[in-house]
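Novice: Chains Z and A, in that order, are what the protein sequence lines are.
Using my numbering, read the first sequence as starting at 1 and increasing by one per residue.
Using my numbering, read the second sequence as starting at 193 and increasing by one per residue.
Careful, some of the hints might be misleading.
[To be verified] Chain A side only, calculated, beta carbon under 8 Å to chain Z, not exhaustive:
#1 Gln-343
#2 Ile-348
#3 Ser-352
#4 Leu-355
[To be verified] Computed list of chain Z residues with no C-beta within reach of chain A, every gap over 12 Å:
#5 Ala-25
#6 Gln-35
#7 Ile-45
#8 Leu-51
#9 Lys-53
#10 Leu-62
#11 Pro-65
#12 Ser-84
#13 Asp-86
#14 Glu-92
#15 Gln-155
#16 Leu-184
[Unchecked claim] With a Cα cut of at most 25 Å, we get these calculated SDA-like pairs of lysine to any residue:
#17 Lys-200(A) - Gln-161(Z)
#18 Lys-87(Z) - Lys-183(Z)
#19 Lys-8(Z) - Glu-368(A)
#20 Lys-200(A) - Asp-314(A)
#21 Lys-48(Z) - Tyr-143(Z)
#22 Lys-359(A) - Gln-344(A)
#23 Lys-8(Z) - Leu-374(A)
#24 Lys-232(A) - Lys-375(A)
#25 Lys-8(Z) - Arg-350(A)
#26 Lys-183(Z) - Gly-222(A)
#27 Lys-200(A) - Lys-8(Z)
Hints listed in this document are in silico derivations from the structure and should not be mistaken for laboratory results.
Heads up, the beta-carbon is just placed ideally off N, CA and C, and yes, glycines get one too.
2 protein chains.
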Amino acid sequence: MATVLTQKLTLEEFLKLPNLEESPAWEYVGGNAIQKPMPKVRHSILQKRLLAKLDSPKSNYLALPELRCTFGGRSIVLDIVVVSWDKIQLNEFGEPEDNFTQAPDWSIEILSPDQNTNRVIDNLLHCLHHGSQLGWLIDPDDYSILILTPQQEIQICRDSQQLQVLKDINLQLTSEEVFNWLKLREIGANLE
Amino acid sequence: MATVLTQKLTLEEFLKLPNLEESPAWEYVGGNAIQKPMPKVRHSILQKRLLAKLDSPKSNYLALPELRCTFGGRSIVLDIVVVSWDKIQLNEFGEPEDNFTQAPDWSIEILSPDQNTNRVIDNLLHCLHHGSQLGWLIDPDDYSILILTPQQEIQICRDSQQLQVLKDINLQLTSEEVFNWLKLREIGANLE
Numbered sequence: 001m002a003t004v005l006t007q008k009l010t011l012e013e014f015l016k017l018p019n020l021e022e023s024p025a026w027e028y029v030g031g032n033a034i035q036k037p038m039p040k041v042r043h044s045i046l047q048k049r050l051l052a053k054l055d056s057p058k059s060n061y062l063a064l065p066e067l068r069c070t071f072g073g074r075s076i077v078l079d080i081v082v083v084s085w086d087k088i089q090l091n092e093f094g095e096p097e098d099n100f101t102q103a104p105d106w107s108i109e110i111l112s113p114d115q116n117t118n119r120v121i122d123n124l125l126h127c128l129h130h131g132s133q134l135g136w137l138i139d140p141d142d143y144s145i146l147i148l149t150p151q152q153e154i155q156i157c158r159d160s161q162q163l164q165v166l167k168d169i170n171l172q173l174t175s176e177e178v179f180n181w182l183k184l185r186e187i188g189a190n191l192e
Numbered sequence: 193m194a195t196v197l198t199q200k201l202t203l204e205e206f207l208k209l210p211n212l213e214e215s216p217a218w219e220y221v222g223g224n225a226i227q228k229p230m231p232k233v234r235h236s237i238l239q240k241r242l243l244a245k246l247d248s249p250k251s252n253y254l255a256l257p258e259l260r261c262t263f264g265g266r267s268i269v270l271d272i273v274v275v276s277w278d279k280i281q282l283n284e285f286g287e288p289e290d291n292f293t294q295a296p297d298w299s300i301e302i303l304s305p306d307q308n309t310n311r312v313i314d315n316l317l318h319c320l321h322h323g324s325q326l327g328w329l330i331d332p333d334d335y336s337i338l339i340l341t342p343q344q345e346i347q348i349c350r351d352s353q354q355l356q357v358l359k360d361i362n363l364q365l366t367s368e369e370v371f372n373w374l375k376l377r378e379i380g381a382n383l384e
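Same shape as in the complex, but just chain Z (with noise of 0.2 Å):
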């Protein structure tokens, strides 16, 4: 289960927190700093796939790990996000600023055991709600994908179902190759 700290903080106060950026990562949520599970192997091994499958040289968004979005009286961490370029605030030295304060384009989140399912669709709704054009919620002990879309019906995608992924992103990908990555005896598997 998750750990949340007794007493109730505002916003101003969680963001002082010394421990704000020990891993795993705190979150606020409905004036309650909660810490996120500690990823487990197969969590790691889902994100770091996704995370190269995202990141393309060429494309218009970048995707990160871990990266603290703080919008709309919440500050949470997906486990990758992925934001257009032109929302990527630059200093006067040219470099990204370090508080990211929007809803991302594409939010992701992986499943941990015991992690709450409500709790991780409630952000993820917070962020549709605030600007996101699609959320994923993979849980690798049911091999589905939850999408959420705005003001659409929630789908659940398995096996060789074609993942939606955001407009101008091209990029092919079904469940069953997102969760073959877990497959690490087969030839190949770390190849590709």
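Given the coordinates of chain Z, work out where chain A should sit on it, guided by the hints.
Specialist: Same frame as chain Z, now just chain A:
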């Protein structure tokens, strides 16, 4: 975790299993026979109280616990279904037929500890795709209720938010009221 029979079955084979109606119930999804988890105390209290709340003699709907619904290639046993009277087929004695082979109008599932949320959402979506108007997923650990309606964004309800019910059912209920049923020590909680 769910108990799953190792061999794949056809729906016909599944429906002939001798232990089909043992408790907890077996379901048939995607060629597999899967046993629901044994309900715990909090689950049972919520199921009982909600059933009592939904069961009005004046209603056009019948609320039933643990009804097996077999349609669209699955056979599932939802915690509570709400079905309009005109969907109940009567036999020559004026009694309801034993087998229910349609999607209920409203499907309600109460999450058990260790039950996989995506699997439950999958069954609620199966209902929506076959004619259900409404699905609820009650999560007693997160004190939240997911509301699913056809072709609309999933909603998450907490605290004092009014819960969406079927259009022609006259019922005012909030998440808070539902989860307050679990507070057995509060005066009058059993007397409402």
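Novice: Now, for every hint given, state plainly whether the structure supports it.
Specialist: Do the hints match the structure? See the list:
1. Gln-343: With a closest approach of 5 Å, the Gln-343(A) hint holds.
2. Ile-348: Holds: closest Cβ of chain Z sits about 5 Å from Ile-348(A), inside 8 Å.
3. Ser-352: violated, 13 Å
4. Leu-355: With a closest approach of 14 Å, the Leu-355(A) hint is violated.
5. Ala-25: holds, 19 Å
6. Gln-35: holds, 16 Å
7. Ile-45: Holds, because the least Cβ-Cβ distance between Ile-45(Z) and chain A comes to about 19 Å, which exceeds 12 Å.
8. Leu-51: holds, 22 Å
9. Lys-53: Holds: least Cβ distance 21 Å, greater than 12 Å.
10. Leu-62: Leu-62(Z) is indeed farther than 12 Å from all Cβ atoms of chain A, at 26 Å.
11. Pro-65: Label holds. Min Cβ-Cβ 22 Å, cutoff 12 Å.
12. Ser-84: Holds, because the least Cβ-Cβ distance between Ser-84(Z) and chain A comes to about 22 Å, which exceeds 12 Å.
13. Asp-86: Label holds. Min Cβ-Cβ 26 Å, cutoff 12 Å.
14. Glu-92: Given a closest Cβ separation of 40 Å, the condition holds.
15. Gln-155: violated, 8 Å
16. Leu-184: holds, 22 Å
17. Lys-200(A) - Gln-161(Z): holds, 21 Å
18. Lys-87(Z) - Lys-183(Z): Between Lys-87(Z) and Lys-183(Z) the Cα gap is close to 36 Å, so the pair fails against 25 Å, i.e. violated.
19. Lys-8(Z) - Glu-368(A): holds, 19 Å
20. Lys-200(A) - Asp-314(A): holds, 19 Å
21. Lys-48(Z) - Tyr-143(Z): It holds: about 17 Å lies between the C-alpha atoms, which stays within 25 Å.
22. Lys-359(A) - Gln-344(A): Holds: Lys-359(A) and Gln-344(A) sit about 15 Å apart, inside 25 Å.
23. Lys-8(Z) - Leu-374(A): holds, 23 Å
24. Lys-232(A) - Lys-375(A): holds, 15 Å
25. Lys-8(Z) - Arg-350(A): holds, 18 Å
26. Lys-183(Z) - Gly-222(A): At roughly 22 Å apart (the allowed maximum being 25 Å), Gly-222(A) and Lys-183(Z) satisfy the hint.
27. Lys-200(A) - Lys-8(Z): violated, 50 Å
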